[in-house]
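Use the sequences and the hints to build the structure in full.
2 protein chains.
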Amino acid sequence: MATVTELLLPIEMDLEHLLKDLRVLIGAGHPILQAAAEHLFSAGGKRLRPGIVLLLSKALSVDGQFSKRHRRLAEITEMIHTASLVHDDVVDDASTRRGVETVHNRFDSKVAVLAGDFLFAQASWHLANLNNLDVVKLLSRVIMDLAEGEVKQGLSKFDAKQTIETYLEKSYFKTASLIANSAQSVGVLSEVSDIELKCLYNYGKQLGLAFQVVDDILDFTSNDKQLGKPAANDLLNGYLTAPTLFAIEANPRLSELINREFSLEGDIEKALQIVRDSNAITRARSLAENFAKESCESIKWIPESPSKRALLDLPEYVLGRLY
Amino acid sequence: MATVTELLLPIEMDLEHLLKDLRVLIGAGHPILQAAAEHLFSAGGKRLRPGIVLLLSKALSVDGQFSKRHRRLAEITEMIHTASLVHDDVVDDASTRRGVETVHNRFDSKVAVLAGDFLFAQASWHLANLNNLDVVKLLSRVIMDLAEGEVKQGLSKFDAKQTIETYLEKSYFKTASLIANSAQSVGVLSEVSDIELKCLYNYGKQLGLAFQVVDDILDFTSNDKQLGKPAANDLLNGYLTAPTLFAIEANPRLSELINREFSLEGDIEKALQIVRDSNAITRARSLAENFAKESCESIKWIPESPSKRALLDLPEYVLGRLY
Chain A
1 MATVTELLLP IEMDLEHLLK DLRVLIGAGH PILQAAAEHL FSAGGKRLRP
51 GIVLLLSKAL SVDGQFSKRH RRLAEITEMI HTASLVHDDV VDDASTRRGV
101 ETVHNRFDSK VAVLAGDFLF AQASWHLANL NNLDVVKLLS RVIMDLAEGE
151 VKQGLSKFDA KQTIETYLEK SYFKTASLIA NSAQSVGVLS EVSDIELKCL
201 YNYGKQLGLA FQVVDDILDF TSNDKQLGKP AANDLLNGYL TAPTLFAIEA
251 NPRLSELINR EFSLEGDIEK ALQIVRDSNA ITRARSLAEN FAKESCESIK
301 WIPESPSKRA LLDLPEYVLG RLY
Chain B
1 MATVTELLLP IEMDLEHLLK DLRVLIGAGH PILQAAAEHL FSAGGKRLRP
51 GIVLLLSKAL SVDGQFSKRH RRLAEITEMI HTASLVHDDV VDDASTRRGV
101 ETVHNRFDSK VAVLAGDFLF AQASWHLANL NNLDVVKLLS RVIMDLAEGE
151 VKQGLSKFDA KQTIETYLEK SYFKTASLIA NSAQSVGVLS EVSDIELKCL
201 YNYGKQLGLA FQVVDDILDF TSNDKQLGKP AANDLLNGYL TAPTLFAIEA
251 NPRLSELINR EFSLEGDIEK ALQIVRDSNA ITRARSLAEN FAKESCESIK
301 WIPESPSKRA LLDLPEYVLG RLY
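Chains A and B supply the protein sequences, listed in that same order. If you count the first sequence from 1, position 131 lands on 131 in this note's numbering, and the numbers rise without skipping. If you count the second sequence from 1, position 235 lands on 235 in this note's numbering, and the numbers rise without skipping.
Hints are computed from structural coordinates only; laboratory data are not their basis.
Any copy, or any two copies together, can satisfy a pair, since identical chains are not distinguished.
Straight-line Cα separation of at most 27 Å, DSSO-like style, residue types lysine-lysine; simulated pairs:
(1) K20 - K152
(2) K68 - K198
(3) K161 - K174
(4) K68 - K137
(5) K110 - K157
No experiment lies behind these values; they were computed from the predicted model shown.
Right, here's the structure in full:
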């Protein structure tokens, strides 16, 4: 199976430039923000979001070239994503994210608030100057969805009565909305038809949902390097994701443990055992597979090119993280 | 002299509705945000910013009526202002603002980050849906200026070498930009001429600067209710405003005290004495008077009406706070 680096190969150089530009843009003139920018936009991150925007931009262009506005859109996407991560880390009081120390922990929450605001502000300014009201609307919707998702996530902590639908709605707000609406925005800039716009949106939405479900499964199945066992951080913190919600359906006793917020000794181990003994992981996996499949279906109409190939391989790559 | 309540009389009901709408909009569906919204949008605040937008909307309308979009613009203005205050209070670690406990202190900084993000997000969403790219650009510039102002303010703490120009630039970013650009936005929605747009911008800019300078003078001259003497909070925290910068010109010894960040006993008292013994307050006052005068000059062309009268009286009211 392809690695993410291979997938992003068609736009590798563009992505590198973009990250360099972002580091300069955010860091300019402020030593502390500069340190935060270095930290945030250093090499090594996956940068899937701007990667998808650039791959789509290339795939939708006749000659494989794309405009400065497409490039700017990719930058805006990454700015919004990073800004929301930095603020979420303050709200969730997270000390690390994917093994890297958070800005809020490395510096302090003041720098994190400032850096996030600065990124949001830059994003909204560059967005306005793309001079396209439709794109402004699509991405301001994303900013609203991200805030709404964070609020909803906080509200539904340890709520064992929530449905898989609420979970998917939250996942859309927090993850899929940005990918869906930025994919559609590429279509707007590339002036594709209304039906094709819908397909692009759908590609991003389904890919985003697949991505989120896979992430949530991995929290249960992948071994934490330091712990040597699954971190199950989401469950511990009361964030009930697909595996947990399916496990509750299979064994309602799990609800009791959640309702008392794992306050008795051994509760969390019991909860993990219930998840493992049920068909929850299998069901969650098949949910992700469906999203991935639908995602691919949505862009069949795009003409063949290495970029299109990469876009079709992306959902498979996302699923591949499970094996 | 008129009170602010008298000045806002022409749009009193509109302003009341607006605050009610904001409370509902922000609080809907989230108990903690609701508490924060009650706290932020409770009656009693001066609400000068949406007040100016509504007065201008009324003054520029032939029949004294204005559209839903004008009203929405006023709401957006207040959302952006409040969002930036809430986040600034986290960054500045402020426990009270104008005698009222800050969100960050009353709840915690997580709620403050969330509430601010939610407000910014709502603002950017409603902004996009005003369906006017010029207005989107003007107000996204404001969001950028606010972030930039907060960054610059942090950087220039205890910097005795900064000039009055840097101070005014910062004041523009932090205070005047919002009033200037929202005033111009009213003009865009009311379809006035380009020259008139400039005048509206200028009215807001000069009024905003007058407002900021007066605020900064008051920190030195008005007695804090609890302290029974001027709070001089800005100076204590290293924010060097007009009075301080003029006092440095008159007596460079003040720089030494600032450079050592008032670390020796009696430093702050000495500094205040230097400000008092100099012509700094007089010079700052005359600076504010000039801004106020220019502000009035900028809107002479607006047809007579009670709203125009109130707009002309506003700069005088701002100065009146000094006496």
